[in-house]
Structure formats: C-alpha cells, structure tokens
Amino acid sequence: MHDARPPSNSLGRDAAALAFEAVTVRYPYQARPAVGPIDLTVRRGERVLLLGPSGCGKSTLLLTATGLIPNSIPSEVGGAIRLVGEPVEARVPADWSARVAYAFQDADQTLCGMRVEDEIAFALESRALPEAEIAACVGVAMRQVGLPDPWRSRRTATLSGGEKQLVALASVLAQDAALLLVDEPTAHLAPLAAERLHRLLMERDPARAMLLVDHRLDGLIAAIDRVVVLDADGRLLAQGPPGALFREQHHALSARGIWSPLASHLDAGLAAAGIVLDPPPLSLDAIFAGLEPGQIVRAKPIVAKFVAGRVGTMPVPASCPVLARLAAAACAPFLGPVILRDVSLEIRAGEVLGILGANGAGKSTLGACLAGVLRPKAGQRIGAMGGIAFQRPETQFTEASVLEELIAALPRRRDRTAPAQDILARWGLSSVSRAHPYQLSQGQKRRLALATLTATERWPLLVLDEPLAGLDARGAEEVEREIERLRHGGCAVALITHDMDFALKVCPRAIVVGEGGILADGPTPVLLRDEALLDRAGLRPPALLPALHWLERVAAC
Amino acid sequence: MLRAIHPLVKLALCLAWIAACLAVFDPRFQIATALIAAAALVLLDRVSPILVLAMTVPFALFGIGFLTTNLAFHEEADFARHIAAHSLFAAPAWSVGITLFLRTIAIGLVSALFAVTTDPGAFVRTLMAYARLSPRVGYALFSVLQIVPELAAEARQIRLAHAMKRGRPPRRLVGPVEAARLLIPLLAFAIRRAGRAAIALEARGLGRAGQRTIVHVPVLGRRDLWFAVVAGGLLSLLLLGTLA
Numbered sequence: 001m002h003d004a005r006p007p008s009n010s011l012g013r014d015a016a017a018l019a020f021e022a023v024t025v026r027y028p029y030q031a032r033p034a035v036g037p038i039d040l041t042v043r044r045g046e047r048v049l050l051l052g053p054s055g056c057g058k059s060t061l062l063l064t065a066t067g068l069i070p071n072s073i074p075s076e077v078g079g080a081i082r083l084v085g086e087p088v089e090a091r092v093p094a095d096w097s098a099r100v101a102y103a104f105q106d107a108d109q110t111l112c113g114m115r116v117e118d119e120i121a122f123a124l125e126s127r128a129l130p131e132a133e134i135a136a137c138v139g140v141a142m143r144q145v146g147l148p149d150p151w152r153s154r155r156t157a158t159l160s161g162g163e164k165q166l167v168a169l170a171s172v173l174a175q176d177a178a179l180l181l182v183d184e185p186t187a188h189l190a191p192l193a194a195e196r197l198h199r200l201l202m203e204r205d206p207a208r209a210m211l212l213v214d215h216r217l218d219g220l221i222a223a224i225d226r227v228v229v230l231d232a233d234g235r236l237l238a239q240g241p242p243g244a245l246f247r248e249q250h251h252a253l254s255a256r257g258i259w260s261p262l263a264s265h266l267d268a269g270l271a272a273a274g275i276v277l278d279p280p281p282l283s284l285d286a287i288f289a290g291l292e293p294g295q296i297v298r299a300k301p302i303v304a305k306f307v308a309g310r311v312g313t314m315p316v317p318a319s320c321p322v323l324a325r326l327a328a329a330a331c332a333p334f335l336g337p338v339i340l341r342d343v344s345l346e347i348r349a350g351e352v353l354g355i356l357g358a359n360g361a362g363k364s365t366l367g368a369c370l371a372g373v374l375r376p377k378a379g380q381r382i383g384a385m386g387g388i389a390f391q392r393p394e395t396q397f398t399e400a401s402v403l404e405e406l407i408a409a410l411p412r413r414r415d416r417t418a419p420a421q422d423i424l425a426r427w428g429l430s431s432v433s434r435a436h437p438y439q440l441s442q443g444q445k446r447r448l449a450l451a452t453l454t455a456t457e458r459w460p461l462l463v464l465d466e467p468l469a470g471l472d473a474r475g476a477e478e479v480e481r482e483i484e485r486l487r488h489g490g491c492a493v494a495l496i497t498h499d500m501d502f503a504l505k506v507c508p509r510a511i512v513v514g515e516g517g518i519l520a521d522g523p524t525p526v527l528l529r530d531e532a533l534l535d536r537a538g539l540r541p542p543a544l545l546p547a548l549h550w551l552e553r554v555a556a557c
Numbered sequence: 001m002l003r004a005i006h007p008l009v010k011l012a013l014c015l016a017w018i019a020a021c022l023a024v025f026d027p028r029f030q031i032a033t034a035l036i037a038a039a040a041l042v043l044l045d046r047v048s049p050i051l052v053l054a055m056t057v058p059f060a061l062f063g064i065g066f067l068t069t070n071l072a073f074h075e076e077a078d079f080a081r082h083i084a085a086h087s088l089f090a091a092p093a094w095s096v097g098i099t100l101f102l103r104t105i106a107i108g109l110v111s112a113l114f115a116v117t118t119d120p121g122a123f124v125r126t127l128m129a130y131a132r133l134s135p136r137v138g139y140a141l142f143s144v145l146q147i148v149p150e151l152a153a154e155a156r157q158i159r160l161a162h163a164m165k166r167g168r169p170p171r172r173l174v175g176p177v178e179a180a181r182l183l184i185p186l187l188a189f190a191i192r193r194a195g196r197a198a199i200a201l202e203a204r205g206l207g208r209a210g211q212r213t214i215v216h217v218p219v220l221g222r223r224d225l226w227f228a229v230v231a232g233g234l235l236s237l238l239l240l241g242t243l244a
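The listed protein sequences derive, respectively, from chains A and B. Mapping the first sequence onto full-length UniProt numbering, position 557 (from 1) lands on 557, and the numbers just tick up by one. Mapping the second sequence onto full-length UniProt numbering, position 198 (from 1) lands on 198, and the numbers just tick up by one.
Rather than coming from a laboratory, the hints here were simulated on the basis of the structure. Treat the hints loosely; a few may be bogus.
[To be verified] Derived SDA-like pairs (lysine to any residue); straight-line CA-CA distance at most 20 Å:
{"#": "1", "chain 1": "B", "residue 1": "K165", "chain 2": "A", "residue 2": "I423"}
{"#": "2", "chain 1": "B", "residue 1": "K165", "chain 2": "A", "residue 2": "M385"}
{"#": "3", "chain 1": "A", "residue 1": "K377", "chain 2": "B", "residue 2": "P169"}
{"#": "4", "chain 1": "A", "residue 1": "K377", "chain 2": "B", "residue 2": "R171"}
{"#": "5", "chain 1": "A", "residue 1": "K377", "chain 2": "B", "residue 2": "L173"}
{"#": "6", "chain 1": "B", "residue 1": "K165", "chain 2": "A", "residue 2": "Y438"}
{"#": "7", "chain 1": "B", "residue 1": "K165", "chain 2": "A", "residue 2": "A384"}
{"#": "8", "chain 1": "A", "residue 1": "K377", "chain 2": "A", "residue 2": "T365"}
{"#": "9", "chain 1": "B", "residue 1": "K165", "chain 2": "A", "residue 2": "P460"}
{"#": "10", "chain 1": "B", "residue 1": "K165", "chain 2": "A", "residue 2": "P333"}
{"#": "11", "chain 1": "A", "residue 1": "K305", "chain 2": "A", "residue 2": "V276"}
{"#": "12", "chain 1": "B", "residue 1": "K165", "chain 2": "A", "residue 2": "A34"}
{"#": "13", "chain 1": "B", "residue 1": "K165", "chain 2": "A", "residue 2": "V276"}
{"#": "14", "chain 1": "B", "residue 1": "K165", "chain 2": "A", "residue 2": "P337"}
{"#": "15", "chain 1": "B", "residue 1": "K165", "chain 2": "A", "residue 2": "P411"}
{"#": "16", "chain 1": "B", "residue 1": "K165", "chain 2": "A", "residue 2": "T456"}
{"#": "17", "chain 1": "A", "residue 1": "K305", "chain 2": "A", "residue 2": "H549"}
{"#": "18", "chain 1": "A", "residue 1": "K377", "chain 2": "A", "residue 2": "I423"}
{"#": "19", "chain 1": "B", "residue 1": "K165", "chain 2": "A", "residue 2": "H549"}
{"#": "20", "chain 1": "B", "residue 1": "K165", "chain 2": "A", "residue 2": "R458"}
{"#": "21", "chain 1": "A", "residue 1": "K377", "chain 2": "A", "residue 2": "Y438"}
{"#": "22", "chain 1": "A", "residue 1": "K377", "chain 2": "B", "residue 2": "L61"}
{"#": "23", "chain 1": "B", "residue 1": "K165", "chain 2": "A", "residue 2": "T365"}
{"#": "24", "chain 1": "B", "residue 1": "K165", "chain 2": "A", "residue 2": "R412"}
{"#": "25", "chain 1": "B", "residue 1": "K165", "chain 2": "A", "residue 2": "G428"}
{"#": "26", "chain 1": "B", "residue 1": "K165", "chain 2": "A", "residue 2": "A207"}
[Unchecked claim] Just a sample of chain A residues kept apart from chain B, beta carbon distances all over 10 Å, derived:
{"#": "27", "residue": "R32"}
{"#": "28", "residue": "R43"}
{"#": "29", "residue": "I73"}
{"#": "30", "residue": "D149"}
{"#": "31", "residue": "V213"}
{"#": "32", "residue": "H215"}
{"#": "33", "residue": "R226"}
{"#": "34", "residue": "A244"}
{"#": "35", "residue": "R247"}
{"#": "36", "residue": "A271"}
{"#": "37", "residue": "D285"}
{"#": "38", "residue": "R375"}
{"#": "39", "residue": "A473"}
{"#": "40", "residue": "G517"}
Note that beta-carbon positions come from the ideal geometry of N, C-alpha and C, so glycine has one too.
Make the full structure from the sequences, and use the hints.
In structure tokens form, the structure reads like this:
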C-alpha cells in the first residue's frame with residue numbers, strides 16, 4: 001500500500017509505536033483527572049492488554065492516543081504523547097488514520113450504514129488511494145476475516161451483531177495500520193463470534209503493535225505480550241508479562257475487582273498449597289498439563305473446591321410454585337414478526353434460569369415474553385408480570401437524578417427519601433445520588449437499574465438481560481450476590497448471558513435458544529458439556545470445562 | 001431496470017416531471033403522470049402493485065385535504081376555477097379540488113419512483129463526486145440512514161421499559177403523553193450516538209487534509225442516455241397532447 005502522506009507502516013526500527021509520558025486527562029468540571037499521570041510505551045509488534053476497574057479511564061486513554069481527546073471530546077490533556085516517533089499534536093486526529101486504526105466496542109458505532117465493501121473501503125478512501133488498490137485491499141480484508149464475496153453489496157444494517165463486528169474488524173485490518181487500538185470488541189458478542197474475533201485480532205503481524213482493552217481474558221491472554229493494569233484512580237498499578245503479573249498481583253487485582261483469567265485463580269489456590277508451576281500458567285489446560293504425577297493427589301481437593309465454587313447446583317424443589325409459564329407461545333419482538341415458535345417453559349419461585357444462545361437468536365424477546373412485558377402472538381403466558389433489567393440500562397431511566405429514580409421505584413408513602421438513600425448506599429451509589437442517571441458510568445447505570453428493580457418486592461420474576469456487560473469483576477460479584485439474595489427471597493430470576501462460566505456458576509438450569517425455538521432445556525452443567533448442542537447454537541463450552549474433565553479423569557484413575 | 005439508471009439522470013427527469021405537474025393544471029396530465037410512474041415501478045422494476053397502491057395512500061390523504069378545502073372555500077380560488085372549468089372535471093365545486101388531489105398523487109408517485117429505485121448510498125456518492133457535496137455532509141447523511149432505524153429500535157425498548165413500570169404490555173400506537181415522555185431519552189440517545197459516530201468517522205480519516213477517493217461512483221452510460229431520451233420524449237409528448 002502507498003499513501004499520499006508518509007507510508008502507513010513506517011515505524012523506525014527502534015521507535016515506539018505509542019508512548020505516553022506523564023499523561024493526564026481531565027474532563028471539564030471534574031476536580032480530578034479521569035486518568036493519569038501515566039507513563040506507558042507500546043513497542044513495535046507488541047500486544048499490550050490494558051486492564052483496570054470500570055471507570056478507571058481505559059477508553060479515555062485509547063481516545064487520547066490520536067488526539068481525539070481533546071480535539072473532538074473537550075478535556076484538558078497534560079504530558080506528552082508520541083505516536084510512531086512524532087508528537088500527537090503534529091497532526092489532526094483524522095490524519096493519523098493511515099498509521100493508527102481503532103476498533104470500537106460497538107460495531108454500530110464504527111459502521112455508518114453503507115454496503116459492506118464501502119465500509120471496508122472508507123479509511124482507504126480517506127487516504128486517497130487509487131480505486132483499484134482499494135478494491136484489492138477490500139478483497140484481502142474480507143478473506144482475512146472470512147466474509148463471503150457475495151456480501152460485498154449487502155447493507156450492513158441487514159447483518160447480525162457478530163457479522164457487523166466482523167465487517168468492522170475487516171475495515172480496521174484493511175487500514176494496514178502500524179498501531180491498532182482496540183476497545184472491548186467482544187463485549188456484546190456470543191462466545192463463538194467472540195472467539196473468532198479474538199483469533200483474527202491475534203494473528204501475529206510483527207509490524208503491528210496493539211493496545212487492547214478487553215474483559216474476556218480466557219482464550220485471549222496467551223497471545224498477549226504484556227499486561228498493563230490501571231488502578232481505580234487511573235494511575236499505573238502494575239505491568240509485566242501476563243503469567244508473572246497475574247501470579248504476583250493476583251490478590252491486588254482481586255481486591256480491586258479487576259478481571260483475571262480463570263487459570264490465575266486456580267494457580268493461586270495451588271500455590272497456597274505449595275504447588276508452584278513454572279512458567280506461570282495462563283489456561284486451565286496448561287495447569288493440568290504442568291502438574292507432575294506426585295502433585296495430582298494434593299491438587300485434587302483444591303481443584304474440586306475450585307470447581308464447586310463455580311458450578312451452580314442448587315436444585316429447586318418441585319413443590320415451589322410456578323411463577324410464570326409460557327405454553328406453546330409464539331414470541332415476537334415489539335411490533336416485529338414472530339422469531340420463536342412453540343415455546344413451552346416455566347420458571348418457579350427461587351429458581352435461577354439461564355437463557356443462552358447466539359447473537360440474534362431471540363433471547364431478549366423470549367425474556368420479555370417470559371416477563372409478560374410482551375404478549376405472545378400465539379399460545380399463552382400465565383403468571384404475574386415480571387420486571388426486566390434491560391441490556392442498555394438507560395432505557396429504563398425516567399427521572400432527573402439517581403435519587404429520584406430510586407424514590408420513583410418505591411411504593412408511594414409519606415417519606416421515601418430515607419429508604420431510597422439506604423438502598424443507594426447498599427449499591428455503592430450514594431456519591432452520585434444527585435447526578436443525572438445518564439451521567440453515570442456503565443457499571444453504575446447497571447447497578448442503579450438493578451437497585452430500582454429490586455427495591456421493592458413488586459416483581460416476583462426478574463429477567464436480567466446481559467447484566468455483566470460493561471462491568472468489572474467487582475460489579476459481576478455484586479450482580480451474583482444480588483441474584484443469590486433474590487433467590488433466597490423466593491424471587492425467580494431469568495439470566496440472559498453470553499458468559500458461559502457465569503451461567504454455569506449461578507444458573508442450575510438453562511435453556512438454549514436457537515433455530516427459531518428452544519433447542520434444549522436442562523441442567524446447565526449438562527447442556528454446557530454437550531458439544532453438538534453448543535455448535536448448533538453458536539456457543540462455546542465454559543472455560544471451566546478442562547477442570548471438570550480433569551476431575552473426572554483423576555477420579556477414574 | 002430503473003435501479004441501474006444513474007441517480008442524477010433519474011433525479012433530473014423526476015424533477016422535470018414534477019415541475020410539469022406543477023405547471024400544467026389539467027387532471028388528464030396528472031392522471032397520465034401517475035399511471036406512467038406506477039407502470040414504470042411495476043413493469044420495469046418489479047415492484048408489487050400492492051406496494052405501489054400502499055405508497056399512494058399518504059399522498060391520497062394529503063390530496064383529500066386539498067379537495068375538501070377547495071369544496072369548502074371554492075370562491076377564493078377564482079383563477080384556478082377559471083382554468084379548471086375547461087378541463088375534464090368541469091363541475092365548478094369539484095374541478096379545482098380534483099385536479100389538486102390528482103396532482104398530489106402524481107407528484108407523490110414520481111417522488112416514490114425515485115426513492116424506491118435509488119440506492120441512497122449511490123446517490124450520496126454521486127452527489128459527492130459530481131455535485132461537490134462535502135464528504136462531511138455526505139457521510140453525515142449515511143450516519144442518519146443508520147441512526148433512524150436505531151432510534152426506532154430504541155423507542156421500542158423505552159416503551160417496553162415504560163410498559164413494565166406501568167405493569168401492562170405496551171399498546172401498538174403511541175399516545176400523546178407517552179410520545180412526550182419518549183422525547184428526552186430519544187434526544188439524549190441521538191446526541192450520544194451521533195457523537196460516537198462522528199468520533200468513529202474521524203478515527204477512520206474523515207476530515208483528513210487533501211483529496212479523497214470516492215469508490216463505486218455510478219458512471220454515466222448508454223443506458224442513461226436512452227432512459228433520458230425515452231422519459232424526456234414521453235414527457236414532451238404528454239405536454240404537447242395536453243396543451244393541444
């Protein structure tokens with residue numbers, strides 16, 4: 001490829017792809033910086049994973065890299081940023097597109113409603129490349145991500161979420177940039193689509209550096225060269241190669257609610273029992289492959305305890321009343337056509353039911369029908385109306401402040417302010433009680449939505465639609481605790497999630513949605529080990545599966 | 001076939017036809033225009049006749065407004081009545097209103113012909129390439145095309161959330177109170193979404209200094225020439241026939 005401006009992959013041999021020197025970013029009217037001061041260098045060809053709790057400034061840092069902050073998002077930026085050897089101020093953000101490519105969390109944000117080939121060509125058109133060269137690059141990028149050629153003329157609006165994210169990735173790869181900045185591209189993807197995206201992103205290219213933010217670490221972490229961890233105040237907490245960092249900083253990360261790979265939790269348990277594997281393992285497979293015969297007996301109870309804490313087995317007695325039942329129901333989204341037929345399903349008091357399936361399978365529609373918010377087009381629904389924590393929490397906010405939102409959720413009586421403040425304190429939202437709900441971080445919005453739904457006992461059934469999206473590990477633990485509290489209180493919970501390990505942990509029973517209906521209904525540990533079913537539904541087994549297999553093998557020996 | 005015609009050629013002819021509809025106050029011309037547009041959609045572009053009929057409904061409702069207004073206030077339209085008195089529908093109370101009604105449908109169908117048979121992406125690209133439309137404006141139009149259905153989806157989600165709080169499923173039609181409650185959240189969504197789209201476009205090089213390549217710009221060809229000759233000829237014949 002060539003460019004009217006300097007060539008795209010023109011990093012000097014010793015040049016850092018990206019260097020932050022004492023960088024701070026402060027948004028208007030905020031007393032303290034959103035991130036920094038921070039020093040961070042990403043070298044040529046290096047893949048750096050940026051981790052940190054929700055709201056610590058990871059996305060802010062990515063947007064600062066090419067000057068989008070402060071050029072397009074007003075803020076005060078201190079310190080110095082050098083991109084491929086040049087100060088970032090030397091060009092306007094758009095001029096960096098030949099050297100730096102962004103992959104955003106939401107494909108709808110990246111794409112602008114054109115046809116597939118036009119979307120992929122966009123950045124190359126900006127660089128004024130000849131049309132023939134653009135056509136060749138588009139073809140290469142489409143083949144790289146596995147987009148079929150007949151899709152060239154399809155409008156991106158007609159694609160599913162996973163397909164859109166692939167087109168967005170193809171448009172990023174077509175840029176052939178020296179530095180790739182990636183912000184949680186798999187946050188809303190089903191496991192199979194997420195795995196495919198990770199694989200494509202991680203294809204080794206010695207010329208390309210990458211700074212990546214992602215919470216889905218299992219399956220990704222082995223391809224990462226270095227992990228950089230930010231603390232809640234946006235300062236550097238730790239950095240280093242992933243294996244060593246997750247071992248040495250395990251307790252610090254857990255205490256701060258920062259995601260770690262599943263293997264690092266088991267590794268910490270084994271280390272406490274004197275089993276220290278070398279090199280530090282990044283996957284459960286690596287742990288079990290690294291255990292020596294003499295260590296297996298000592299490891300077995302640790303692995304058993306590790307597994308027991310991650311598989312939900314609490315049965316629901318048949319005597320518990322059925323709270324909601326769908327009988328031969330035809331489910332359709334609001335004002336849309338029927339997408340699920342002949343759905344028969346019931347949920348009992350105190351039950352936590354997982355609703356699993358690929359993007360676009362109809363999980364949210366089924367959840368809304370189960371809650372009674374949508375009437376089935378055929379068949380019937382029996383039971384009291386339930387509540388829904390929507391995928392985008394903003395959807396359900398109607399008041400002007402966090403406190404008012406909670407007051408409105410409480411039953412009308414003389415004083416609702418004091419109880420509302422108590423609930424806000426329990427959910428860690430007291431400090432933002434006067435803020436508008438739209439001003440909160442994604443994690444805070446999700447907590448507020450859950451707080452309003454669980455503030456009263458109005459809802460005998462709650463449907464939680466992707467409650468972990470945008471949350472850090474601490475937020476996920478809070479959701480888990482709240483589900484447990486609801487279950488103990490006799491509430492039924494239907495959990496829609498793409499996180500198979502979370503489903504395995506909190507849902508003793510699950511249904512798998514796909515092919516226009518319910519493909520399977522049964523105990524979650526059984527369903528998530530059925531490879532044929534998972535393939536059919538576009539799902540992947542949980543990361544915990546090797547531990548289950550290992551325990552069975554050891555027990556059989 | 002109409003989809004393959006160059007958007008600017010199609011636009012020019014459609015505008016010429018609309019201008020003729022405005023200039024010629026004769027119901028026969030309006031009927032012929034509506035029939036030609038409908039026939040072109042059905043025969044040349046395989047559009048379902050039911051869809052064509054459905055597309056006339058909003059224009060017909062609008063046209064009925066003209067008709068009833070002229071029936072109620074016909075003494076104020078002396079000039080138009082004088083012209084219309086020599087036409088097909090010579091009854092004084094009906095003639096002006098019927099002609100205006102037919103004109104609305106004719107213009108509506110010509111506009112629908114352009115809208116249904118033109119890829120918006122190709123049209124915007126053509127404007128950028130031939131009419132010097134700024135890429136910032138052009139891609140803002142693309143983004144609007146993307147955001148409109150998202151706004152509708154967001155409105156449906158918000159209505160579901162409101163219905164949940166009310167404790168009963170949502171109605172199909174939005175009432176005035178519910179519409180007012182949707183306004184602020186949708187505005188906030190649109191602003192946030194537009195801001196993110198702008199950042200993504202800038203990150204992909206929109207607004208970069210210097211030239212920009214525009215790929216897949218429709219190219220003028222022999223087919224466009226033939227279309228212009230046939231459609232222009234038909235319009236001329238119709239005008240001559242009506243005036244004669």
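Evaluation of the provided hints:
no., hint, in the structure
1, B:K165 x A:I423, "holds (19 Å)"
2, B:K165 x A:M385, "holds (10 Å)"
3, A:K377 x B:P169, "holds (13 Å)"
4, A:K377 x B:R171, "holds (14 Å)"
5, A:K377 x B:L173, "holds (17 Å)"
6, B:K165 x A:Y438, "holds (19 Å)"
7, B:K165 x A:A384, "holds (13 Å)"
8, A:K377 x A:T365, "holds (12 Å)"
9, B:K165 x A:P460, "holds (14 Å)"
10, B:K165 x A:P333, "holds (18 Å)"
11, A:K305 x A:V276, "holds (18 Å)"
12, B:K165 x A:A34, "violated (35 Å)"
13, B:K165 x A:V276, "violated (53 Å)"
14, B:K165 x A:P337, "violated (24 Å)"
15, B:K165 x A:P411, "holds (12 Å)"
16, B:K165 x A:T456, "holds (12 Å)"
17, A:K305 x A:H549, "holds (14 Å)"
18, A:K377 x A:I423, "violated (38 Å)"
19, B:K165 x A:H549, "violated (45 Å)"
20, B:K165 x A:R458, "holds (10 Å)"
21, A:K377 x A:Y438, "violated (34 Å)"
22, A:K377 x B:L61, "violated (31 Å)"
23, B:K165 x A:T365, "holds (18 Å)"
24, B:K165 x A:R412, "holds (14 Å)"
25, B:K165 x A:G428, "violated (24 Å)"
26, B:K165 x A:A207, "violated (54 Å)"
27, R32, "holds (23 Å)"
28, R43, "holds (22 Å)"
29, I73, "violated (7 Å)"
30, D149, "holds (15 Å)"
31, V213, "holds (15 Å)"
32, H215, "holds (20 Å)"
33, R226, "holds (24 Å)"
34, A244, "holds (33 Å)"
35, R247, "holds (36 Å)"
36, A271, "holds (42 Å)"
37, D285, "holds (37 Å)"
38, R375, "violated (5 Å)"
39, A473, "holds (26 Å)"
40, G517, "holds (22 Å)"
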